[in-house]
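A.B. asks: For the record, the sequence lines run as chains E, X, H and B. Each residue of the first sequence is one higher than the one before, counting from 1 in my numbering. Each residue of the second sequence is one higher than the one before, counting from 405 in my numbering. Each residue of the third sequence is one higher than the one before, counting from 809 in my numbering. Each residue of the fourth sequence is one higher than the one before, counting from 950 in my numbering.
Since the hints were derived computationally from the structure, they do not count as laboratory data. Some hints could be false.
To be verified - Interface residues of chain E toward chain H, partial, derived using beta-carbon atoms under 7 Å:
| no. | residue |
| --- | --- |
| 1 | Thr-105 |
| 2 | Tyr-343 |
| 3 | Asp-344 |
Said to hold, decoys possible - Example chain X residues on the side facing chain E (calculated, C-beta under 10 Å, incomplete):
| no. | residue |
| --- | --- |
| 4 | Tyr-429 |
| 5 | Thr-438 |
| 6 | Asn-454 |
| 7 | Gln-467 |
| 8 | Val-532 |
| 9 | Val-545 |
| 10 | Tyr-587 |
| 11 | Ser-649 |
| 12 | Glu-656 |
| 13 | Asp-754 |
| 14 | Val-758 |
| 15 | Arg-761 |
| 16 | Cys-766 |
| 17 | Ile-776 |
Virtual Cβ for every residue (Gly too), placed ideally from N, Cα, C.
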Amino acid sequence: MLDINTIRKDFPILDQKVNGQKLIYFDNAATSQTPNQVVDSIVDYYKRTNSNIHRGNHKLSIQATTAYEDVRKKLHKYFNSRLPQEIIFTSGTTQSINIITLGYTDLLTSKDEVIVSEMEHHSNIVPVQMLCERTGAKLNVIPMDNQGNLILKEFDKFISEKTKLVFVSHVSNALGTVNPISYIINKSHEVGAKVLIDGAQGASHFEIDFQKLDIDYYTVSAHKMCGPTGTGILYGKEELLNKLSPWHGGGEMIDEVSFEKTTYGELPHKFEPGTPNIAGVIAFGAAIEYMDNIGLDNIQAHEDELLKYCTQELKEIEGLKIYGEAKNKIAVISFNVEGIHHYDLGSLLDQFGVAVRIGHHCAQPVMNYFKIPGTVRISFSFYNTKEEIDLMIKALKRAITMLQ
Amino acid sequence: MLDINTIRKDFPILDQKVNGQKLIYFDNAATSQTPNQVVDSIVDYYKRTNSNIHRGNHKLSIQATTAYEDVRKKLHKYFNSRLPQEIIFTSGTTQSINIITLGYTDLLTSKDEVIVSEMEHHSNIVPVQMLCERTGAKLNVIPMDNQGNLILKEFDKFISEKTKLVFVSHVSNALGTVNPISYIINKSHEVGAKVLIDGAQGASHFEIDFQKLDIDYYTVSAHKMCGPTGTGILYGKEELLNKLSPWHGGGEMIDEVSFEKTTYGELPHKFEPGTPNIAGVIAFGAAIEYMDNIGLDNIQAHEDELLKYCTQELKEIEGLKIYGEAKNKIAVISFNVEGIHHYDLGSLLDQFGVAVRIGHHCAQPVMNYFKIPGTVRISFSFYNTKEEIDLMIKALKRAITMLQ
Amino acid sequence: MTDMLAIQDEIVAEFSSFDNWADRYEYMIELGKSLPLIDPKYKVDNNLIKGCQSNVWLHSETNDGKLIFTADSDAILTKGIIAILIRVFSNQDPDSIMEAKTDFIDKIGLKNHLSPIRANGLLSMIKELKMYAVKSKTRSN
Amino acid sequence: MTDMLAIQDEIVAEFSSFDNWADRYEYMIELGKSLPLIDPKYKVDNNLIKGCQSNVWLHSETNDGKLIFTADSDAILTKGIIAILIRVFSNQDPDSIMEAKTDFIDKIGLKNHLSPIRANGLLSMIKELKMYAVKSKTRSN
Ligand SMILES: Cc1ncc(COP(=O)(O)O)c(C=O)c1O
Ligand SMILES: Cc1ncc(COP(=O)(O)O)c(C=O)c1O
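Just chain E, same shape as in the assembly (with noise of 0.2 Å):
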């Protein structure tokens, strides 16, 4: 059980009034909040360790090298990678989905075809989207019902020894759809294809073990999983990476460089050229030690706790319909209400103190499926309580009478 009162005095943001209101932070699927742990260490940075890192060859340089380096060990444990070089620094999990789109742009051909699901945010489309304009591969998607599941039968007709590659979220922020990752790796597997899983919002609410899952691409935001904005890491299995051309280059991540002839370095370098966020990752490291010292057992429990509660609260409101009902699903709730438009209840709610997110969540395939322009969306984290869905639920309805 987690001491929610005690958790919440490490964000003193919640603690703050807008609009007049008591803040209710509900749109923890977009960022999460960032503890002062987390904070301090940025700070702790700044003031004591700050430096370039690799090339350096003085004390604080070798400080912060090893802090950032250490951090590398943290994720290398914390999601049981191989090896710690497995674990690539980037910006956020769209750079990381966009290192691996255009390092497959040497490896594909238009006899190859790639396969998407329809419940992709944009920064697991796009790119794909490009990858395959680039190479002329076929884009291959996998269909959802009306519950927010993909259509796993579809998916069966698609893989075949011609597909190479397969990109699926591991939890749909638009529906808060779990998928089944470890049924789509296993399949892909049988054909040679591999998979990239992003993880933008799984990291943050359950436990994830690279080897176990046999996963070959994996793709992380820090800032949604109360770390900083600006860093993230892409997971790939050694001996891909190894494969893979980089197409982002720069300093650190060369071997030797002559106008002759140019080598790139190994793994992890390969991947990150130019000075890194090094406060960044260093404050990933925080966040990783943060969320382990509450235990993700303990932050699932709590998530699922409110979800069930909130979505029953939700049902008995005349006119909600609820978009994504899977069996599994975590911690997000889309919805909108009967002649009302989401950004006018997303107004109301903000005014209540409310923070939603309203619009088509980077889902616009989503949106369209179910033939509408957007929802509104509630998104917990652990820091959430029972209290807020109270006030958040009596604010909707006040939102509902004004609107209607």
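Knowing the structure of chain E, use the given hints to seat chains X, H and B with the ligands on it.
C.D. replies: Just chains X, H and B with the ligands, lined up with the frame of chain E:
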């Protein structure tokens, strides 16, 4: 005149001991230190505003978006770009350059030529080499003389109607040379070539006016100008950026996404996919404000004085050779001492508390030119003092004695 | 035709009479409901205004040298905003529209309730209203 | 042939007698100067060890079943480090080398003075020394 004692109070990191000795931080070209004001802006962001930007409709998100976009406007004014949307936020200079070199993939053919200088940082060489490899364009290298000046008459020979792009640094990080960018830009424009100025070492030392210099592309890293790690900008003229394809896809950078057709958004969003380094950008704004308050004129005058003084002191040391003696030079001194490896010298200086950089400084072609494996590099910032130079010289002399 | 500045002052006065946000919003919603609706046949993509988070359609006709605006949106608060704009801009001659100042928007505190994107939307709407005036002048010359 | 552990203890004892860094460094420099230098003809790219910040060449010969190491580097502190390693590893039989523990490195506080890159370099050197032992065994089988 700068009141250095007051300024140094903003940098608690400078006021510490390493290896039992007073820290002397002379590694500013690798990364500059971060004043309290900048660190405070990060803390403030996470404790009061943290939220995802652009698509949000609630108070925190509106505040975060406004703060983020205000920095864009501030940089637009600071560098005098024609439009705010010509300022693209990236993770730093390296990423900025790669956005351009990737974008030109469709625009170059094997009939085209690209010019780069021998003096560039790897971040301004490797992406260019990759671009030339992808497109078959020919790469011409402007050589330098033994003072560390670009040989302009060789540049004049290369420049022709075939030249499409020129990549030159504003200031060499290995030698301190300030390159004649106006000359290069004007000559290039005469034949219709566009010029990218790698400003990683420029923006921290003197005022730059993008419009006045008629700059096509300019790149900046925040961490080299009192800002945080993990952010920077790509500046490009609107009409040029409009013609360039984005090679990174994701959320925020699109207009509409469907599996039939995806259309990209307008500037600056087209080149800013995914959640950016929001806290970093806001802190970058605080850094610009900080430097602007001190005044770039004052900064330049002080740094010049340090450069002259230190150069003079170093020249009195027997066997010491300085690499890079261009007339127009700033804040960087690379050197070696006869019979002593730079690595040994750097290690001993570190023991004396003096942080310098040793090695090839990500500029191997410069090292190849001088036929050396590396140098010891001292680099100044406005918070450094003559007293620090005196202490460094003393330490250096002792180190030389120990090593000879 | 009332003078545009007089209408603006009227609106500012109305809004300043509310002492809490809920009343202000309810009034906006009311205004939204009173918006002179566009003829469905003009609710086409061509009349959509770019830059708004909800769809906004705008149509204009000339009547006796004056421009008459009708509009619609799928969001009621947006309709409220357009209703305010139309109250100011509709039934005016093109020259007045082209030259009209719009600082009343700041005065009613509307921008406080708008995200930067929606503020952009508002600017787009005003730009569009003025564009119609420009076009109508070019046509009549 | 002295026992490798005994040599290691000896080195640890030597280093623990210094009470300031300058003496420790001066001793390292001295050791560097005493390094059994590699025959110039073996100072070839093939004998370069990867992962070091300065160039390190390493060569081995077998003498009476034991491996004799010679080396060189362009940096004197690096030579000091190699000199220490060679003192432990040279003139030993391949089996002992392959199984040798290297925790004496932690004990002399060397790592404190090494950047992570140089620590990698140190690991590379040890790996290389052990590789020679493995190779020499394969050859003699
Ligand atoms: C001249 C020059 N260009 C490019 C870079 C790369 O900048 P960053 O590592 O911040 O991407 C540097 C930084 O060392 C530099 O000095
Ligand atoms: C499922 C999913 N994928 C990808 C992303 C993109 O992550 P980022 O914006 O951190 O790059 C998000 C974030 O909204 C997401 O929810």
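A.B. asks: Among all the numbered hints in the text so far, which are the ones the structure does not match?
C.D. replies: Hints 1, 10, 17 contradicted; others consistent.
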